[in-house]
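Engineer: Residue numbers (numbering that gives the first Met the number 0), protein chains in the order written: chain A, 0 to 120; chain B, 0 to 321.
The set of hints was computed from the structure by calculation and includes no laboratory data.
Every value quoted in this text rests on a predicted model; they were computed, and no experiment measured them.
Among the hints, a few may not be true.
Unchecked claim - Derived CB-CB ranges, DEER-like:
#1 A:THR97 <-> B:LEU242: 47 to 53 Å
#2 B:GLU126 <-> A:VAL103: 48 to 54 Å
#3 B:GLN303 <-> A:ILE11: 51 to 57 Å
#4 B:ASP27 <-> A:GLN4: 15 to 21 Å
#5 A:GLU6 <-> B:ARG179: 49 to 55 Å
Unchecked claim - In silico contact screen, one side only, chain B against chain A (beta carbon under 10 Å); selected entries:
#6 PRO10
#7 VAL92
#8 ASP109
As the list claims (entries may be wrong) - Chain B side only, calculated, beta carbon under 10 Å to chain A, not exhaustive:
#9 ASP7
#10 GLU14
#11 ILE15
#12 TYR19
#13 PRO58
#14 GLY59
#15 LYS106
All C-beta atoms, glycine included, are put in the ideal place defined by N, C-alpha and C.
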Amino acid sequence: MTQAQMEDLDQIMAQRLAKTRDLFLKVLAERDREIVEARRKVEQDEAPIDLGMAEIRSVYHRIAGSAGSLGFADFGDLASTFEATIDSLREARRTDPTGWAAVVRDSEIFRARIAQLLQNR
Amino acid sequence: MMRILAVDDDPVFREILESYMDRLGYPDVTYAMSGPEALKSIQAAPQPFDCFLCDIEMPGMNGIELVRNIRSTESGKRAPVVMITSMGDRDSVDGAFQAGAIDYLSKPLDINQLRGRLSAVERIVRESRRFESMKAMLRDHDAIEQGMRDFDEPVALNDVDGVMHYVAVKNYLETVGRLRMMNHAAMCIHIRNAEKLFGLMTRTAFMDMLGDVAETAHGELQTMHHMFAYAGSGDFVVLLPRLAAIDPGELEALINVALEQFYDQLDEPDVMRPVVTCGPVVRPALLQLGDPASMLEKARSLAQFPLPHKTQAKSILQTARA
Numbered sequence: 000m001t002q003a004q005m006e007d008l009d010q011i012m013a014q015r016l017a018k019t020r021d022l023f024l025k026v027l028a029e030r031d032r033e034i035v036e037a038r039r040k041v042e043q044d045e046a047p048i049d050l051g052m053a054e055i056r057s058v059y060h061r062i063a064g065s066a067g068s069l070g071f072a073d074f075g076d077l078a079s080t081f082e083a084t085i086d087s088l089r090e091a092r093r094t095d096p097t098g099w100a101a102v103v104r105d106s107e108i109f110r111a112r113i114a115q116l117l118q119n120r
Numbered sequence: 000m001m002r003i004l005a006v007d008d009d010p011v012f013r014e015i016l017e018s019y020m021d022r023l024g025y026p027d028v029t030y031a032m033s034g035p036e037a038l039k040s041i042q043a044a045p046q047p048f049d050c051f052l053c054d055i056e057m058p059g060m061n062g063i064e065l066v067r068n069i070r071s072t073e074s075g076k077r078a079p080v081v082m083i084t085s086m087g088d089r090d091s092v093d094g095a096f097q098a099g100a101i102d103y104l105s106k107p108l109d110i111n112q113l114r115g116r117l118s119a120v121e122r123i124v125r126e127s128r129r130f131e132s133m134k135a136m137l138r139d140h141d142a143i144e145q146g147m148r149d150f151d152e153p154v155a156l157n158d159v160d161g162v163m164h165y166v167a168v169k170n171y172l173e174t175v176g177r178l179r180m181m182n183h184a185a186m187c188i189h190i191r192n193a194e195k196l197f198g199l200m201t202r203t204a205f206m207d208m209l210g211d212v213a214e215t216a217h218g219e220l221q222t223m224h225h226m227f228a229y230a231g232s233g234d235f236v237v238l239l240p241r242l243a244a245i246d247p248g249e250l251e252a253l254i255n256v257a258l259e260q261f262y263d264q265l266d267e268p269d270v271m272r273p274v275v276t277c278g279p280v281v282r283p284a285l286l287q288l289g290d291p292a293s294m295l296e297k298a299r300s301l302a303q304f305p306l307p308h309k310t311q312a313k314s315i316l317q318t319a320r321a
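Let the sequences and hints guide you as you build the complete structure.
Structural biologist: In structure tokens, the structure reads:
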């Protein structure tokens, strides 16, 4: 393969990743709603804390898996950190109101970052 | 060209993967968003897939369950499976390797890491295709069998439950890294007369013999959490928890007794019988963290020599014979 052909392929990939980046930001609003909904269910006693934590963790997990490949490495790292925090809380059986308060605090920070990213779009 | 099935529940990740796969020259990729959808794709595929890329954490059927299901299908029995993991999944990696995965990729995905993994997988696929076509050819031309395949080559014993590819065991050790490697130990079950048998037997018969030893050894180890693979040169490597209570002399005797009983039952008095030696358990020293795979090599080299615990083995053999 010539250098020019490789550059063409790189360019095609970059264009496709730019589109995926748009999809990522679009899905981000949905992920934000998932966090809000998970919190609402726990706060209104519709779901146990453990389930609420699992749902919020799932949001972090998915974001952590793709953000870094789309130019949002810091945001991906933040998601990864918060995911690990929930894992630690669940491992330590801190699925109590104190543990939940920590998850809510993290989720607020995370939601603020989401809002910032969506605003800068 | 490799036919690949990639499974991930996140649409964004699937798009990233698709862009990378196209860039790397792997256009023949089917994407599935869940375990059940992947299994349907396997059943519906006009030609079997050569390789699977599976996310570990998925809702419903997770990646480990999916690998088990893939391994239970005829077309998925042999194809390499590479897991896609994130930091939070690392604890699941052990289960994935035991279920039959041979390697893993980290999220967020790095295109160079993907390129490297796929090249390694392609080599395995090529080797597997070569072996399958050779087997088909040998069935018809038994005489050609002599002198084919190298004695020291690792062989994937896909038809024997619980036996992993040697590459998978080495990749597993690389995955757990030097620190977590401290939690593991290795030993080797060496077929003492392997080289002689290799020279005398047809390749098909040699492979059958390896399968007999693998099934017997795996059966004796079954109560113990372990990973097990054929490394070539008559060596089976066993990866164990560091604190596993295992007596290699006893294990050696039990395997040899079970093999004797197995061959006695066959109505073939002239069949050539393997005899095994179990090497000592090798545990990495705390301050000597080397290449993770070197533990396996050390276990293999130590199994070539007679063990100091032969007396116990002899007594077990004598009791069994009596």
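Engineer: Determine for every hint whether it applies to the structure shown.
Structural biologist: Structure-based check of each hint:
Roughly 35 Å separates the CB atoms of THR97 of chain A and LEU242 of chain B, a value that falls outside the hinted 47 to 53 Å. Here the CB-CB span from GLU126 of chain B to VAL103 of chain A is close to 53 Å, well matched to the stated 48 to 54 Å. Separated by about 54 Å at the C-beta atoms, GLN303 of chain B and ILE11 of chain A satisfy the suggested range of 51 to 57 Å. For the pair ASP27 of chain B and GLN4 of chain A, the supplied restraint of 15 to 21 Å holds, since their beta-carbon distance comes to about 20 Å.
Roughly 41 Å separates the CB atoms of GLU6 of chain A and ARG179 of chain B, a value that falls outside the hinted 49 to 55 Å. With 10 Å as the threshold, the beta carbon of PRO10 of chain B comes within range of chain A, its nearest partner Cβ sitting at about 7 Å, so the hint holds. A distance limit of 10 Å between C-beta atoms decides the matter here; for VAL92 of chain B the minimum to chain A is near 15 Å, and the interface restraint is violated. Checking ASP109 of chain B against chain A: minimum C-beta separation of about 8 Å stays under 10 Å; hint holds.
The beta carbon of ASP7 of chain B comes within 8 Å of a beta carbon in chain A, closer than 10 Å, and the hint placing it at the interface holds. At about 4 Å, the closest approach between the beta carbon of GLU14 of chain B and any beta carbon in chain A falls short of 10 Å, and the interface hint on this residue holds. Among the interface hints, the one on ILE15 of chain B holds; its C-beta lies about 5 Å from the nearest C-beta in chain A, closer than the 10 Å criterion. Of the supplied interface hints, the one on TYR19 of chain B holds, with its beta-carbon coming within about 7 Å of a beta-carbon of chain A, less than 10 Å.
Given the 10 Å rule on beta carbons, the hint for PRO58 of chain B holds: about 8 Å separates it from the nearest Cβ of chain A. For GLY59 of chain B, the suggested interface contact is broken, since its CB lies about 12 Å from the closest CB of chain A, more than 10 Å. Annotation: interface hint on LYS106 of chain B holds; nearest CB of chain A at approximately 4 Å, less than 10 Å.
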